[in-house]
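**Student:** Line order of the protein sequences matches chains Z and E.
Numbering-wise (the numbering used here), the first sequence opens with residue 56 and increments by one.
Numbering-wise (the numbering used here), the second sequence opens with residue 12 and increments by one.
Not one of these hints is a red herring.
Heads up, simulated BS3-like pairs for lysine-lysine below, C-alpha to C-alpha not over 30 Å straight-line:
#1 Lys88(Z) / Lys170(E)
#2 Lys115(E) / Lys70(E)
#3 Lys158(E) / Lys115(E)
#4 Lys63(E) / Lys88(Z)
#5 Lys158(E) / Lys63(E)
#6 Lys158(E) / Lys276(Z)
#7 Lys88(Z) / Lys158(E)
#8 Lys82(E) / Lys276(Z)
#9 Lys340(Z) / Lys82(E)
#10 Lys170(E) / Lys31(E)
#11 Lys256(Z) / Lys31(E)
#12 Lys134(Z) / Lys184(Z)
#13 Lys82(E) / Lys115(E)
#14 Lys340(Z) / Lys113(Z)
#15 Lys106(Z) / Lys158(E)
#16 Lys88(Z) / Lys31(E)
#17 Lys340(Z) / Lys115(E)
What follows is a set of in silico ranges between Cβ atoms, one per label pair, in the way DEER data are often shown:
#18 Leu187(Z) / Asn199(E): 51 to 61 Å
#19 Ile72(Z) / Arg237(E): 52 to 62 Å
#20 Asn194(E) / Ala217(Z): 39 to 49 Å
#21 Lys211(E) / Glu65(Z): 50 to 60 Å
#22 Arg299(Z) / Asp168(E): 52 to 62 Å
Example chain Z residues on the side facing chain E (calculated, C-beta under 10 Å, incomplete):
#23 Met78
#24 Ala159
#25 Ala324
Calculated from the structure, these hints are not laboratory results.
Backbone N, C-alpha and C define an ideal beta-carbon position, used for all residues, glycine too.
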Amino acid sequence: MFRNVSELIELAESQNISISEVMIRQEMEVAEKTREEVMERMERNLDVMEKSVEDGLKGVRSRSGLTGGDAVLIQKYMKENRPLSGNLLLDAVSKAVATNEVNAAMGTICATPTAGSAGVVPGTLFAVKNRLNPTREQMVRYLFTAGAFGQVVANNASISGAAGGCQAEVGSAAGMAAAAIVEMAGGTPSQSAEAMAITLKNMLGLVCDPVAGLVEVPCVKRNAMGAANAMVAADLALAGVKSRIPCDEVIDAMYRIGQSMPTALKETAQGGLAATPTGRELEAKIYGIDLKKE
Amino acid sequence: MALMIYCRYNRAEKDGERMKYRSVFDIIGPIMIGPSSSHTAGAARIGRMTRKLFGREPKWADIHLYGSFAKTYKGHGTDVAIVGGILDFDTFDERISESLEIAKQKKIRVRFIEEDAITDHPNTARIRMGDEDGEIELVGISIGGGKAEITELNGFDLKLTGHHPAILVMHNDRHGAIASVSNILANNEINIGHMEVSRKEQGKEALMVIETDQNIPDDILSQLERTENILQVVKISV
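One chain only, chain Z, in its complex shape (with noise of 0.2 Å):
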């Protein structure tokens, strides 16, 4: 079993295969299950990403009111204009955004690695999708590849919000993210291991602050930036581009950073954007309103 990232791509390389090669074969290991077995449950989460998708690009709305509808927007606004940042980089932020306010609608989604990030990993998966053109099993490879990456962080640092801020979860789902572009365009095992670096250092120290204590503000646009994040630094990669410091230190320093962040930015609802007026102020409107009515 690979402890870290350099283990990983180690295996990876020594054997000529793919990382997500690597990680089917563990599974097959760990679980004891054939090769067809672990391919078709992973198949079953893809489907319910693009089920997620889909229903977000149709408009969804949340109980609370604080979110809904910012996937329709963004689709729209890139068929009317031509986006500056351009469309295959919005087409992945709106799907993130699709797959978040499903989650924030109580519609179904697959967490990963959490519920609150589930929009990053799925939305750069469809976008890219329509550039790369890759078969069903490449799109199911996608998920092994980024699975490996957060399984290294979740046994390394934390997936949790409540135990290393939205670094650990949105920060996590995005390096993950890079990490399997690279690989479905076509890139190396050690170029995946420098697009999750890249991605990751750019998502150090970032709090988990949802106000309400809801996962939509401002998850929903968290996973916007990760998707956005998670692109250019996949490009960054294949471009040649190399982390300085190496993927393993830079999930070391997420942990630490995690476990020297104040309580108050780490899913309770008592810092950050959840304490500023407004939060406050959402916060005592959706929780105010509802008790009246009883």
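Assemble chain E onto chain Z, guided by the hints.
**Tutor:** This is chain E only, laid out in the frame that chain Z set:
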């Protein structure tokens, strides 16, 4: 020498703890209804375990919410999720979002009670539910990532995760009761993975919680129920 052994032991334990995520599906997954793995998926699992332990659809349910559950349940849909679970919906069943209406149509009376008491765990629910033939009361906690545990059942302390098949055996606190149950399981080649016994008072009613490796067929359950000192047997299949 003693010190070296100590260090090695400590190191092994640390490695074991750090590799807590072993499957890729812990990272990519689970499939669930949003918005929160702890406040929605975990809550639905508590409701569903209550339903499985009760064994049928109840006529009424009183749901007491504590800590973070009490403060944010409306925004997270914790209420909807628990009722969805009571209706036997899984964490990914889209009917969860309409569970309150469905319960109303089925004429199930549901009440939510926000509690101020401080509990050991921030996400705690106490559920009492029943019908004309009986009732059940339990405490469930949502421990994160969609995982949930039952910590109390009809006044007995226990720990039940719902991840393994299990049977709960109410029995008289008499010698031989536990042996007769484990003998029946052994004779039917059912392996016990985990077992706990809890009682409120010596010599009165007691509860055995037995987690097994495989689901237990109904004929074995009725065999258990016919055994001396066994009062009731409930099973949780996975």
